[in-house]
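Asker: Residue-level listing of the chains:
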Amino acid sequence: MATLTVPHSIPSPQEDCEQLHKAFEGWGTNENLIISVLAHRNAAQRKAIRQAYQATYGKDLLESLLHETHGDFEKLLLLWTLEPSERDAILANEAATKWHAANRVLIEIACARSSEELFIVRRAYHTQFKRSLEEDVAAHTKGDFRKLLVPLISAYRYEGAEVNMHLAKSEAKLLHDKISDKAYSDEEVIRVLTTRSKPQLLATFNQYKNEFGNAINKDLKSDPKDDFLAALRAVIRLICTPEKYLEKVVRLSLNKMGTEETALTRIVATRAEVDLKLIKEVYQSRNSVPLEKAVKHDTHRHYEDLVLALLGCEEN
Amino acid sequence: MADENQSLKKAFSGHGGFGVDEATMVAMVTKWRRQPDQKSCFRRDFSDFFTTIGSIEKCEDDYLLHLKTEFSRFKNIMVLWLMHPWERDARWMHHVMHKSYPFTVIIEIACTRSSEELLGAKRAYQALFDHSVEEDVAYHIKENYSKLLVGLVSSFRYEGPQVDNEMAKWEAKALNSAIKSAGSGKLIQNEEIVRILSTRSKLHLKATFKHYKELHGKPIEEDLGANLWLQETVKCIDRPAKYFSEAINNAFKEGADKQSKIALTRVIISRADVDMEVIRETYYQQFGVKLEDMITKNTHGHYKDSLLSLVGK
Numbered sequence: 000m001a002t003l004t005v006p007h008s009i010p011s012p013q014e015d016c017e018q019l020h021k022a023f024e025g026w027g028t029n030e031n032l033i034i035s036v037l038a039h040r041n042a043a044q045r046k047a048i049r050q051a052y053q054a055t056y057g058k059d060l061l062e063s064l065l066h067e068t069h070g071d072f073e074k075l076l077l078l079w080t081l082e083p084s085e086r087d088a089i090l091a092n093e094a095a096t097k098w099h100a101a102n103r104v105l106i107e108i109a110c111a112r113s114s115e116e117l118f119i120v121r122r123a124y125h126t127q128f129k130r131s132l133e134e135d136v137a138a139h140t141k142g143d144f145r146k147l148l149v150p151l152i153s154a155y156r157y158e159g160a161e162v163n164m165h166l167a168k169s170e171a172k173l174l175h176d177k178i179s180d181k182a183y184s185d186e187e188v189i190r191v192l193t194t195r196s197k198p199q200l201l202a203t204f205n206q207y208k209n210e211f212g213n214a215i216n217k218d219l220k221s222d223p224k225d226d227f228l229a230a231l232r233a234v235i236r237l238i239c240t241p242e243k244y245l246e247k248v249v250r251l252s253l254n255k256m257g258t259e260e261t262a263l264t265r266i267v268a269t270r271a272e273v274d275l276k277l278i279k280e281v282y283q284s285r286n287s288v289p290l291e292k293a294v295k296h297d298t299h300r301h302y303e304d305l306v307l308a309l310l311g312c313e314e315n
Numbered sequence: 000m001a002d003e004n005q006s007l008k009k010a011f012s013g014h015g016g017f018g019v020d021e022a023t024m025v026a027m028v029t030k031w032r033r034q035p036d037q038k039s040c041f042r043r044d045f046s047d048f049f050t051t052i053g054s055i056e057k058c059e060d061d062y063l064l065h066l067k068t069e070f071s072r073f074k075n076i077m078v079l080w081l082m083h084p085w086e087r088d089a090r091w092m093h094h095v096m097h098k099s100y101p102f103t104v105i106i107e108i109a110c111t112r113s114s115e116e117l118l119g120a121k122r123a124y125q126a127l128f129d130h131s132v133e134e135d136v137a138y139h140i141k142e143n144y145s146k147l148l149v150g151l152v153s154s155f156r157y158e159g160p161q162v163d164n165e166m167a168k169w170e171a172k173a174l175n176s177a178i179k180s181a182g183s184g185k186l187i188q189n190e191e192i193v194r195i196l197s198t199r200s201k202l203h204l205k206a207t208f209k210h211y212k213e214l215h216g217k218p219i220e221e222d223l224g225a226n227l228w229l230q231e232t233v234k235c236i237d238r239p240a241k242y243f244s245e246a247i248n249n250a251f252k253e254g255a256d257k258q259s260k261i262a263l264t265r266v267i268i269s270r271a272d273v274d275m276e277v278i279r280e281t282y283y284q285q286f287g288v289k290l291e292d293m294i295t296k297n298t299h300g301h302y303k304d305s306l307l308s309l310v311g312k
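Top to bottom, those sequences are chains A and B.
Residue 315, in numbering that gives the first Met the number 0, is where the first sequence stops; the numbers in between run on with no holes.
Residue 312, in numbering that gives the first Met the number 0, is where the second sequence stops; the numbers in between run on with no holes.
No lab work stands behind these hints, which were simulated from the structure alone.
We treat Cβ as the ideally placed atom computed from N, Cα and C, and that holds for glycine.
Please note that the accuracy of each hint is not assured.
To be verified - Far from chain B, by Cβ distances over 12 Å, these chain A residues were calculated: (1) Asn41; (2) Glu67; (3) Phe128; (4) Lys129; (5) Ser131; (6) Arg156; (7) Glu161; (8) Asn163; (9) Ala182; (10) Arg195; (11) Arg232; (12) Arg250; (13) His296.
Unchecked claim - Cut-off 27 Å, straight-line C-alpha distance, at most; resulting in silico cross-link-like pairs (DSS-like, lysine-lysine): (14) B/Lys168 <-> A/Lys197; (15) B/Lys30 <-> A/Lys97; (16) A/Lys141 <-> B/Lys168; (17) B/Lys9 <-> B/Lys212.
As the list claims (entries may be wrong) - Here are some chain A residues pointing at chain B (derived, C-beta under 7 Å): (18) Gln127; (19) Arg130; (20) Glu134; (21) Tyr155; (22) Lys197.
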């Protein structure tokens, strides 16, 4: 359920890159022109534009964007223009090297991507940072968080639909026993959450609720201040209903209650071609107000225009 | 006649060695046509595998099992030869969980294949068995070394030339501290050791091991003591040719067990197209005898011929 809107017929990458070049020329920058091009091209089209720009003007489009734009507008534009795997690699690198316990960006990337997508991110990470993602995460995290995050970002989950109900039952019980004992970072808990396929986990969480009455996340709320429990809940939420988890991140970001203002930028850039429409729907039903309205209220100028464009708003 | 008996015994793997000598067997069938007495005499002569009960020489069950294994060596090597390398690796890893292959096979595959080859093997595993290899290893191997094995099998190591030398030095020291502070039985569960061995690139680790020796006066394998899995991990990453050459030698040793012998096929098949020349050289340097000579001396029939072709002589 993407929100990105691409016109039926678009100019060639060559024409697009010439328009962008025009937008950079002279005094100031024509931000609206940039938005009208880049915010209405999909990943493959943006890649083609970048290649044409490099061939024509001898430099990376991103470099020009870096020089000609600033602030939140620049940040979103740069993230958006990148290929999804490069984008995730950069976000992951930032999250790993500046990691702290309340940072859940790595969990977002690890759990809200398919197995193949996550592998492509790991490959892009090699190219960009000359190290593996897992070695950076392992080196910058410790204790329980390392125990959880390293297998999480190294996961290559089976993507078939088969579910073993017997296993789902036994692993639901296992999780329940560990949670009751407050053994939240037990190896078995981590094993189940980081290696089982997503359909298998969904079945396990359903069994959990059927057998024990509470949704598993409810039982993981014993200490609202515990960052590790929050991390576990994030893993489960992102596996089951990523749009609900991401809506909350967006909501907190707009209320400036979240721990990072860049969350809105990150989620718009990473989900506009995925499920931003679903996130919008959750937002509307949760807050009784369309996301666009909250964005208009809380953001300004070109950043606001870019966000609205990526949210699929008609041009005014 | 005694000579004929000896040569047929040998053909039926009665004097040890790998495989059976198909050509000799068929020649004997021709030679002893319509001569049941000859065969009777042979059976009585072959007392290891036939026991006389009354007026017949009965075949021992052990011998039948032994023959099954030896006849299958050629079949196994040919089927494996045909298979895609990723499928081979996937099946071998699956055998660790389901056919009691030793855990070192997982270390071998996870550490001696390139990152892309390991990814291919994992994809093949999912296609064959409807599970990821990580979930199977984590689920079936509950011993204390599962952390290491899961880490190794999940890795997607950087393969470029860049190495942070300062970090390699630092981690050589960190490994030494970890080894000193953990009890010897607990080394394999130590988080720092597992982290470094299962996430760093191979070039980085080679540099780290080199620094370790320079800083602490001895190679890290010595300090890892009796920890077989950690030793194998280091060897597979640092000097895979040595690891493979030793695996081959173990297969030929007197009293080698079933798994050690199976390893001969696995090593030769999996390395034939990769680094067999290096392994041959290493084998000669380590054991003073040519690999092809060991094969000729200790194996029979089609199995021997296929090994010799794969080894490149």
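Asker: In ascending order, which of the hints set out earlier in this document are inconsistent with the structure?
Answerer: Checked against the structure, the hints that fail are numbers 3, 4, 5, 6, 7, 8, 10, 14, 15, 17, 18, 22, while the rest are satisfied.
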